[in-house]
Amino acid sequence: MSDTTRPLSAPSAEAEDAPAAYSPWRDFLGRFVRNRSAMIGIVIIVTLCIVAAFAPTLALHPFAEQDLMRSLERPLTPGHPLGTDVFGRDIYSRIVWGARVSLQVGLMVTSVSMAIGILIGCISGFYGGRVDLVLSNLINLVWGFPLILVALLFVTVIGPGLTGAMIATGLVIWSGFARIVRGEVLALRSREFVVAAQALGRGNLWIIFRHILPNIIGPVLVIASFTMAVAVIIETSLSFLGLGAQPPTPSWGSMLNEGRAVLYRAWWLATFPGIAIALLVLGFNLLGDGLRDVLDPRMRD
Amino acid sequence: MTRYLIHRSLFLLPMMLVISALVFVAMRMIPVDPAELVVGPYATAEQRELARQKLGLDKPIIAQYGIYLLNALQGDLGRSFKSGKEVTALIADTLPNTLLLGSVALTFAYLLAIPMGVLAAIRQNTLIDQGAMTIALIGISVPNFWLGLLLILTFAVGLRWLPATGSGTWAHLVLPSITLGLQYTAIVARMTRSSVLEVLRQDYVRALHAKGLERRKVVYVHALKNAVIPIISLMGLHISAVVGGSVIVETIFAWPGTGQLLINSIIGRDFPVVQAVLTLLGATVLLANLLADVLYTLADPRIKYSAHR
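Protein chains in written order, with this note's numbering: chain Y, 1 to 301; chain F, 1 to 309.
Hints in this document: simulated from the structure, not taken from any laboratory.
Think of the CB as a built atom: it goes at the ideal place given N, C-alpha and C, for glycine as much as any other residue.
Careful: at least some of the hints might be erroneous.
Using C-beta positions, here's what the derived DEER-type ranges look like [to be verified]:
(1) F:130 <-> Y:206: 44 to 54 Å
(2) F:203 <-> Y:192: 24 to 34 Å
(3) Y:119 <-> F:170: 24 to 34 Å
(4) F:125 <-> Y:33: 13 to 23 Å
(5) Y:75 <-> F:33: 41 to 51 Å
(6) F:203 <-> Y:161: 51 to 61 Å
(7) F:124 <-> Y:33: 21 to 31 Å
(8) Y:33 <-> F:126: 21 to 31 Å
(9) F:287 <-> Y:130: 20 to 30 Å
(10) Y:115 <-> F:267: 44 to 54 Å
(11) F:170 <-> Y:115: 47 to 57 Å
Hey, can you work out the whole structure from these sequences and the hints?
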């Protein structure tokens with residue numbers, strides 16, 4: 001692959017001094033580790049993943065356990081570090097369990113939309129012509145549409161629920177991938193190594209998988225990171241409106257919705273789940289920013 | 001340019017038809033009988049049948065869509081299942097509020113963001129730059145519905161400076177427009193910064209420096225003009241994003257706009273209203289995107305707008 005893959009950066013001076021040691025992956029890793037925002041992002045994401053994975057151990061109570069005698073307890077009461085909600089459920093525990101919901105939704109939505117986006121972007125960029133005319137218009141149309149509106153349309157039809165919210169988000173969010181992939185493929189298609197492969201009589205699919213896809217991993221990773229952030233925001237927004245996760249699922253968005261109802265009596269209900277959402281979204285935004293700087297400084301905004 | 005505009009505008013009409021058809025079909029796919037929503041669960045079979053005929057549900061779906069379109073063109077979007085009011089009246093009542101909120105939010109965002117981004121770019125890699133960009137990153141990461149709750153908690157519940165919900169005075173407008181605008185402040189500030197940085201690296205800026213022009217003049221007179229044009233031209237995209245954002249912000253602050261109308265109608269299964277509002281918002285987005293394209297080509301004549309767009 002090294003003969004066809006564009007190096008992720010121009011080889012640095014040290015790499016030229018030691019010709020055998022240069023590898024784009026090592027170069028990438030080295031710069032990734034030294035990038036501050038990428039590292040902060042990774043730390044936040046990994047921490048939240050650990051929280052999600054060990055939720056049964058870390059949580060003090062099951063997420064649906066009610067105790068109506070201890071409704072709306074303040075934070076720092078014994079047994080309830082972040083207080084309780086209207087039903088006396090432990091907010092800390094529900095936030096811990098909620099990490100699972102948000103990460104699952106984010107991962108599902110991102111992988112589905114990545115697949116759709118790469119497929120459409122590749123076809124549009126590689127085949128060009130009328131196919132590209134139709135597909136690029138479709139991509140632009142979907143891209144210009146506010147995600148929340150399309151998601152609301154889907155949720156109206158399917159009915160409120162996490163599945164509907166996830167399908168809705170996945171079906172509209174792919175355009176971010178498709179735009180970038182199409183642009184990259186358009187640029188790669190006329191590169192020497194692609195033309196050479198065509199001259200050697202390689203099939204289109206072979207060229208796409210062997211020469212095109214390995215070269216667009218970088219930009220795709222950047223978009224994937226930002227997409228995770230957007231997916232989490234859309235899911236929590238829908239849950240906040242009461243149209244996403246349904247009770248007693250501990251979604252951070254629906255917790256904030258419950259907090260809105262008792263805003264004047266219990267500030268903690270509307271505060272802590274929001275910190276969790278903002279942290280997760282910030283983590284993926286930081287990672288995306290960092291990856292973009294490391295992989296291709298020209299892609300900045 | 002004129003040809004491009006005509007071309008794009010001609011494209012707009014079929015797109016609006018597509019959106020109205022999509023929304024229409026989606027509404028018909030809902031596994032609920034609209035007739036039952038109108039007459040209630042205790043109605044007899046005959047009553048229900050009568051309601052079906054009255055709503056035109058006994059006709060084939062294409063005929064239904066045709067009737068809907070003809071009526072819509074005459075300004076009749078049907079009546080709300082819930083209140084019995086005309087949908088056009090409901091929209092006419094709420095749309096001005098949404099437009100007011102959206103324009104105040106966007107103005108606020110741009111007025112704050114452009115100086116912030118310029119300052120960050122001119123003082124690149126200083127504390128000012130890092131501070132501004134940290135604030136911007138947090139602004140992008142905080143979801144607007146949480147920001148709204150925090151603002152209510154601080155300024156309405158805690159300090160009692162501003163009303164939490166409702167409308168009528170300018171004070172009611174403050175918290176919703178900050179909530180709606182802050183995200184775009186962050187996005188625009190980040191874009192302004194990188195746009196200014198890019199312009200400052202250009203050859204002609206270096207030439208101006210070499211000519212001996214004052215640094216301040218180079219930055220504020222020559223560089224800024226070229227850096228800000230692409231930012232302004234992205235306003236169209238932000239208008240369509242604000243249309244989406246208003247849905248949530250209006251719900252939090254009980255702002256009597258079209259977004260709140262949409263959410264209440266979705267929850268109340270008031271489908272004629274949902275259908276009309278979604279189609280309207282869709283059309284608004286199409287218009288905003290057209291505006292974005294036009295502004296973009298005006299700002300950068302190098303973009304070819306004939307062949308591939």
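Each hint tested on the structure:
Distance hint check: the CB atoms of residue 130 of chain F and residue 206 of chain Y are about 47 Å apart, consistent with the given range 44 to 54 Å. Evaluation of the 24 to 34 Å hint for residue 203 of chain F and residue 192 of chain Y yields a pass: the beta carbon distance comes to about 29 Å. Distance hint check for residue 119 of chain Y and residue 170 of chain F: the Cβ-Cβ separation is about 50 Å, which falls outside the suggested range of 24 to 34 Å. A C-beta distance of roughly 21 Å is found between residue 125 of chain F and residue 33 of chain Y, which places it inside the suggested range of 13 to 23 Å.
Distance hint check: the CB atoms of residue 75 of chain Y and residue 33 of chain F are about 48 Å apart, consistent with the given range 41 to 51 Å. Range check, residue 203 of chain F to residue 161 of chain Y: Cβ separation about 57 Å, and the 51 to 61 Å hint holds. At roughly 24 Å, the beta-carbon separation of residue 124 of chain F and residue 33 of chain Y lies within the given 21 to 31 Å, and the hint holds. In this structure, residue 33 of chain Y and residue 126 of chain F meet the distance hint of 21 to 31 Å, their C-beta atoms being roughly 25 Å apart.
For the pair residue 287 of chain F and residue 130 of chain Y, the beta carbons lie near 27 Å from each other, so the given range of 20 to 30 Å is met. At about 32 Å, the CB distance of residue 115 of chain Y to residue 267 of chain F disagrees with the hint of 44 to 54 Å. With their beta carbons about 48 Å apart, residue 170 of chain F and residue 115 of chain Y fall inside the hinted range of 47 to 57 Å.
Comparing the model with each numbered hint stated earlier shows that hints 3, 10 do not hold.
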